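Asks: All chains, full assembly: derive it from the sequences and hints.
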Amino acid sequence: MASFYDYFSLVLFFAIPLIMTALGALFSERSGVVNIAMEGIMIVGAFVGILFINGKLIPGIDSAVEFTEAIGGVPVYLLGMIIAIIAGILVSYLHALASIKMNADQIISATAINTLTPALALFLTMSLALGESAGTDKLPVARSLYLIDEVPLLSKIPFFGELFFQNVYPGFYVGIIAIILTYIVIYKTKFGLRLRACGENPHAADAAGINIYKIRYLGVLISGAMAGASGFIFVIGFTIEFNASVVGYGFLAIAVMIFGNWQPLKIVGAAFLFAGLLTLSDGISFFPALDNLDIPEGIISMLPYLITIVVLVLTSKNSRAPKAAGQIFDKGER
Amino acid sequence: NGDSGAEEKDWNIVMITDVGTITDKSFNQGTWEGVQQFAEDNDIPAMYFRPNDGTQAEYEAAIDLVVENGANVVVTPGFLFETAIYNKQFEYPDVRFILIDGEPHTPDYSTYETADNTTNILFQEEQAGFLAGYAAVADGFTKLGFMGGMEVPAVQRFGIGYVAGAFYAANELDFSITFPANRYTYLGDFDASPAHITAATGWYSSGTQIIFAAAGGAGQSVMAAAEAETGFDAKVIGVDVDQAADSETVISSAMKRLAVAVQQELTAIIIDGEGNGGTTLVKGADEDAIGLPLGDSFKWDTFTEAEYETVYALIEDGSIVVPATEDELETFLEAHAGNPDVADLVEATMSEAE
Amino acid sequence: MEKIKQFFSKLWVSIKDFFVNFNYKKVLKIFTNTKVLNSFAAIFVGLLIGFIVMIFVAKNPFTGEWSFNTALDGLERLFGGGSRSLKNFGDVLFKAAPLILVGLSVGFAFKTGLFNIGASGQFMVGGVAALYAANLLTLPTGLHFVVAALAGIAAGAIWGFVPGILKAIYNVNEVITTIMMNYIAMYLTVMMVTYPKVYDGGLTAINTNFPTAHTPVLGLDKLFPGSNIDISIIIAILVAVLIWFVLEKTTLGYQLKAVGHSKDASKYAGINYKKSVAVSMMIAGGLAGLAAALYYLPIKPAYFRPIEVISPIGFEGISIALIGQSHPLAIIFSGTLISYIKEGASQMQLFGFNKEITNIVISVIIYMIAISSYLGMVINKRKERKRELAKEEETDEENKEEPQVKGGEING
Amino acid sequence: MDYAIEMLNITKSFGPLVANDNIDLKVKHGEIHAILGENGAGKSTLMSILFGLYKADKGTIKINGETVNIDSPNDANDLNIGMVHQHFKLVEVFTVLENIVLGLEDKKKGYLDLETPREKIQKLIDRYNLKVDLNALIKDISVGAQQRVEILKMLYRDAETLIFDEPTAVLTPQEIDGLFEIIREFAKEGKSIIIITHKLNEIKAIADNCTILRKGKHVGTVDVKDTSVNRLAKLMVGRDVDFSVEKALSKPKDSVLSVKNLNYYNKDKTKKLLNNINFDVREGEIVCIAGIEGNGQTELVNLITGLDPVTEEGSLISLNKEDITKASIRERFEAGMSHIPEDRHKHGLILDYNLAENFISNTYYKPKFQEHHILNFENIYHYAEELIEKYDVRSSLGSKSKARSMSGGNQQKAIIARETSRKHNFLVAAQPTRGLDVGAIEYVHKTLVEERDRGNAILVISLELDEVMNIADRILVIYEGQIMAELDPKKTNVEEIGLYMSGSKKQKVNGGSKDGEN
Ligand SMILES: Nc1ncnc2c1ncn2[C@@H]1O[C@H](COP(=O)(O)OP(=O)(O)OP(=O)(O)O)[C@@H](O)[C@H]1O
Ligand SMILES: Nc1ncnc2c1ncn2[C@@H]1O[C@H](COP(=O)(O)OP(=O)(O)OP(=O)(O)O)[C@@H](O)[C@H]1O
Ligand SMILES: [Mg+2]
Ligand SMILES: [Mg+2]
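Protein chains in written order, with the working numbering: chain A, 1 to 334; chain B, 335 to 688; chain C, 689 to 1100; chain D, 1101 to 1618.
What the hints contain is simulated information worked out from the structure, not anything from laboratory work.
Any given hint might turn out to be false.
[Claimed, not checked] To spell it out: a stretch of chain A is covered by chain C in this simulated footprint if at least three of its residues, at any positions, have a beta carbon under 8 Å from a beta carbon of chain C; those stretches are:
no., region
1, 103-117
2, 121-130
3, 244-252
4, 294-303
5, 306-316
On a predicted model such as this, the values are computed, not experimentally measured, just so you know.
Glycine is no exception: its CB is placed at the ideal position from the N, C-alpha and C atoms.
Replies: Next up, the structure:
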């Protein structure tokens, strides 16, 4: 039972960043701009956010501990996330500028960002000695400072209390909120309707008097914000040392978005399926029965990816990307 | 010119890193700390150089480059340098090479030769692993696990020693322990990652009480898992250096004093003007180059420093010869550990070529 | 068989007259082509920005205080590091070969309307296959290399074929399958490394001691003394030319590009969409596989170790393809350029710079290329504006001369 | 006097090309004003300027006498100008309702509110009886319905000036009458209507005045009631045009294409799209399939040409006596089929290939164009020049110009050139003249008749009854996937055909209605 609970909390733990990033990408693609720069943006979010919570960006404060003692762990964490969001927005602006204003190929500018950000993060860390000791290429992350050991009352609820309201990071709740908001914004608001229109048929939207460029900028910047936040949440969740990497989660998230057929709820489902499979194969020992089969590790590790492909084969027949995604909008075109 | 006493020669130390970063909590980091310390103490210029790629061609190119740039002491951590050093030690006779964890040889292993300007340093990691395993069992842990980083010789030796120590203690103190083969693994890299957290969490929540993480940065993930474990207080044994500071859950660390060894050799070469060129230094208990941290970092519950000292002594005077390979482990367990039936655990410690 | 001979004779002919009537005018023409100019501008800007970054962090490695000279030393290496000696340049070419081929893998897919993020996976399986062939087969020198290389190509092709066929038949988005295939390749190859017959316990890597299968050097080391160069660079260039030829001059290329441009229109024209997609991905995969073979087979070997990290080379391939704007011949240069910059940046470490500068420069280049056409347009617009203004004045006068120009009659 | 709309000295150029050259247009309240011109004459451009999609380089626009500045469709909306575009501007995967409110949404407590608009729109629907299901997705409704949605979009925005760009190109006679009813209704209410069309009789039928453009220039503005059709045509093209295609009587020989018991269902097998179709096309005759858009014509063409696979047992298609029911597209081409597709942008052309490359898109593998899989560019470009010469295909860069940059008219010519120059004896032409001007139409019809007289069998799918009457030797009327009637153009008239097309009349001859229900 204990192990089963641990399994679930891990799945939640890894699914949340995947979902947030995938939903971010969704905003961009639904507006008609393909954004494979999520990996790079996540890295920036994590990098800047962590610099902030480590006090590197604030004169007078020069350690995470000092900072949290000053205003408390959760506030620091949330502030850090806001900084991460801002950073994410700024970087995604590069992508927006190139692919919306300058009619650049959207793959190219995104690739530039994915190439730039990890390098820049490492470069700055080492050149400006941002880590613990000079010359190191890692930023320390005092993750335990930001853990909420239990939410009063709620944590008393059987099972769910333990699952959702004990030793969680604030990011978990942010993620949940993000899911709900995304769904509402996409399907229940004026902006959502216009966003989807721009991704499907910008010329129709244009004729209806909608400012395509504005909507697309918003779409991309939102994706940047969410990627920035989830990069921060993700990294603080899993390491005590940040070395300018989010271990491919940015790309996995894009896979999840496609897997979820560009629809918020399906994306959430896809993310949980995928995270569930990953956690199962990495943590086969959660399930003694399977564990004792002693299947070669390599095989087990492959399974989540194989299964995903199989599921895709079964579900892709009528999967369709937003029609105008990736296309440059040009009033003249007809 | 050199012969008029070493001091007048102006020295220039360059370390060339192995694959992995300078902060790998392993070879690179340990070596660099040693070089850095020495350089500061004697203010001699020192730097490290990261090759673009982990290939022999790239390693040799790097050596050429730094030597051409004035380096006359080249420190290379990791056995991947063996073939590169083999070539370059002859090409640059006036450059001193320090090769850690390896001995120069040709790619086909047909000839091993260490020139007079090359010093090899090997560690008996198995001894450190043994002490860790012994301590864990003696302290009353009964469900053990081992997570190595990549399966490289040094890591293998840590693991093999750990297994040997655990069953040796179990036999001597006649405790019964469980250490199944699927609790002995090599993670495949030295970096923290969600996958490693998951794996470790899985082990803990299925009952493993203590994990020896000989995995550089990946150890951080094991600690993360231990911290998150709510059911009981899960423990981690750190590696290479005293990792007590990294996490509450680190009960001890299987140390090898890499930095010290590097400093010693640099001193020998530069200060004493001699050095142990042409030889291979094997660093173990006898030179106090390995061991567990004492004092505050000695967090064992029932296992005492006194007991530790006795075991240490046995290894030091050679009355316990700790196994370093799968085969040695097998025979060791038969001879000194009451021959537990753990064939597949032993199997798991080393993938072997035909 | 006859057909194949015919094909290659044709290929040879057109390559020949490519070089025979290769007059300087042609070259000039290439270099005045806006796309090419843009690329060079982009490269320049990239290096410039790299230099600016360097100025900020330039520290004397020993004294530790800021120094402009250090920045200059660094720049000298960044620009010239790759060509300080024949040895250096030989190594640059040597390391460029796999990069060019991976760039071709991605670029070829782009040309045919596919996005191959899977070059990494194709590279990994290609590498293992080549090494297996090198270790397990006993063949005469030379032939052994060819077979090993073919093994690499085959494995890579299979790895590319899977996403291709899945897209063709089940409409599975190739971006996601290729990502998944990367992970599968990673775990598969890690398993295969420790297979006793090929494993080298001392190296904890696949055995690198296979004298007969190494990449031939054919005396190229005489041209670049002391370097590691071998025929891999020549192979890469020939393959690039072949790919260019296939894309531009053959019916296959015509088909594949047509499908890339418009699935529906090519279907209407009776072109087999499914086959084309599968073939494109297979070729792309094969190229990545060949890259791996050339990476792992040289005399001074690279080590294939049981390390659970996805080879980054596939992503370098994307950069290279984009800098070469997916043109096979341009990719020869972009691949070499990347290799050259990496060499230079690596040497900059001697002056206390971090080699991460490489990717900073590369990313700026890519970004500049992305927006270059726009910037070009803006500049042209400016010029046009001026002309327009000039014109308008004239026309206004005309209007004054004869007001109310109207044909036909207006009804009241 | 006060004009609702005044466009004065409008000039607009795209790069070198002057699409509108100093054009004037004046429309009064309650006036129906037609704009006439060849393909590429500048009509859509002029209207796009009025609607704020393009910005004029020069000229002024006045609404009700006041000079205004229209930079975007928003401004147009604010000035109560609405437009139904030639190529509809609708989001396929949105509902009708969403499409109508898009850009002018209501909000309730920050949320999107679709209910308030729904009522307003329902009122409009009833008032002008523009029947359409507000909850249906655009992709599921007929082109006619889509046009009604475009009209509703204008009305929902309270447009006082309504622009229709080639609105009738896609409608049936009945629908056209319906549309004109509504338009007159609008005019009565004092709205001003601008309508672009290539069809002169329509102009006669509905417009008060007509402005004529030629090659971007303003040729003139005439009062329609005292201007003859031929005069209009002459003004537009600059020469006399004869509309009746004069052609010798056809003497059909043996059957070339024969379709037997052809049945076809939609994807999820819920709807029967083709119901037991049987017919033949013989050497030297032109068979026209008349019908309202969306009654199975597209499916029929796709099955004959192989764009969609035949799924039902017992269905048989044979060409020159050989069974091609399961043949691949290329095999059908090889068997002598040529195909002028309905959608020239989607199927007809590879828009990013140049003209020469497009000319060989279904013959590139022939020995003439390749040897050992290596393309023979000399032949390819030589061939291209021939066709350009022979079919007078106009474009900026000749054989090297990208298909995308060519006018629809010329794109169509290019396709016809390719399909009729290929070795074939059977030609399927799906709506070969859609959106083309009379000059171009005249040309296409001439070509088709020549084809016929060369002894080829020709199957034409058309929505234009005049066209059908003009070129057909035999007419098959299709309704809801069934052949309702086989008619001889000399013995029938537009009204009768219209009745069959709308399903209100059914012949008891062949066309398989006997065992139709199964
Ligand atoms: N977006 C554009 N880019 C470049 N040229 C254009 C564009 N739109 C129109 N043109 C030019 O302006 C001319 C007029 O185009 P327009 O669409 O107004 O013709 P039209 O009168 O509407 O033709 P049709 O009767 O077929 O609709 C075209 O021939 C074309 O050369
Ligand atoms: N992207 C473009 N670039 C350059 N010119 C264009 C472009 N799109 C359209 N045009 C021009 O616009 C003109 C009108 O385009 P359009 O497609 O409306 O042709 P058309 O004659 O109106 O035929 P139809 O509208 O029936 O397809 C064409 O002459 C074409 O040259
Ligand atoms: Mg038009
Ligand atoms: Mg038009």
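Asks: Each hint needs a verdict: does it hold in this structure or not?
Replies: Verification of the hints:
1. Proximity of the region 103-117 of chain A to chain C, defined as three or more residues with a beta carbon under 8 Å from a beta carbon of that chain, is established by the 12 residues found.
2. With a cut-off of 8 Å between beta carbons, the region 121-130 of chain A has 5 residues touching chain C; three or more are needed, and the interface restraint holds.
3. Taking a C-beta to C-beta cut-off of 8 Å, the region 244-252 of chain A contributes 3 residues in contact with chain C, enough for the three needed, and the coverage statement holds.
4. Counting residues of the region 294-303 of chain A whose C-beta sits closer than 8 Å to any C-beta of chain C gives 5, which meets the bar of three, so the coverage hint holds.
5. Check result for the region 306-316 of chain A against chain C: holds, 6 residues qualifying (beta carbon to beta carbon below 8 Å, three or more required).
Going through the hint list in order, the structure satisfies each hint without exception.
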